[in-house]
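With full-length UniProt numbering applied, the sequence shown covers 1 to 100.
Take the hints with a grain of salt, since some may be wrong.
Cβ pair distances, simulated, as ranges [stated by the list, open to error]:
(1) 9 to 35: 23 to 31 Å
(2) 75 to 32: 29 to 37 Å
(3) 48 to 27: 29 to 37 Å
(4) 75 to 51: 18 to 26 Å
Keep in mind that the hints were calculated from the coordinates and are not lab data.
In this text, a Cβ means the ideal position worked out from N, Cα and C, and glycines have one as well.
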Amino acid sequence: MATRPIEIGPAGIRTARNIERLRLLHGLTQHRLAERCAALGRPMTNTTLSRTERARRRCDVDDLVAIAAALGVSPVALLQPLPAQEDSAASKPNSVRKEG
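Please work from the sequences and hints to get the whole structure.
Right, dumping it as C-alpha cells:
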C-alpha cells in the first residue's frame, strides 16, 4: 500500500523562507552553504538545499541544526516568524547584502 507524503505545514514553510533569506543575507550560494554544512559533519547537496528552501523537502532536526550553525544563527532563528517590518524589507531586492 502506497503512503502519502506528509505535507509541509506553516512552520516548515516559514523555516524554508528563513533559510533562504538568511543565506542570501550572508551572500551565500546554495552550493557554498551546502559545503559549510558538510564541513560541520552534515553532508548535503545544493539540490537538497534548493528543495528545502522551496518547501519541496522537509527539513529534519539534524539539517536544521547544521544549516543554522553554517549560517551562524540559532536554530530558533530559522523557526521564528519575521516581524512584519523585517519581512517587508527582506522581500525587497535592494535589501540583500552580499559578502565580500
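So, going through the hints one by one against the coordinates:
A hinted range of 23 to 31 Å holds for the C-beta pair residue 9 and residue 35, which are about 29 Å apart. Separation of residue 75 from residue 32 is about 20 Å and departs from the stated range, judged on CB atoms against 29 to 37 Å. The given range of 29 to 37 Å is broken by residue 48 and residue 27, whose C-beta atoms sit roughly 20 Å from each other. Roughly 19 Å separates the CB atoms of residue 75 and residue 51, a value that falls within the hinted 18 to 26 Å.
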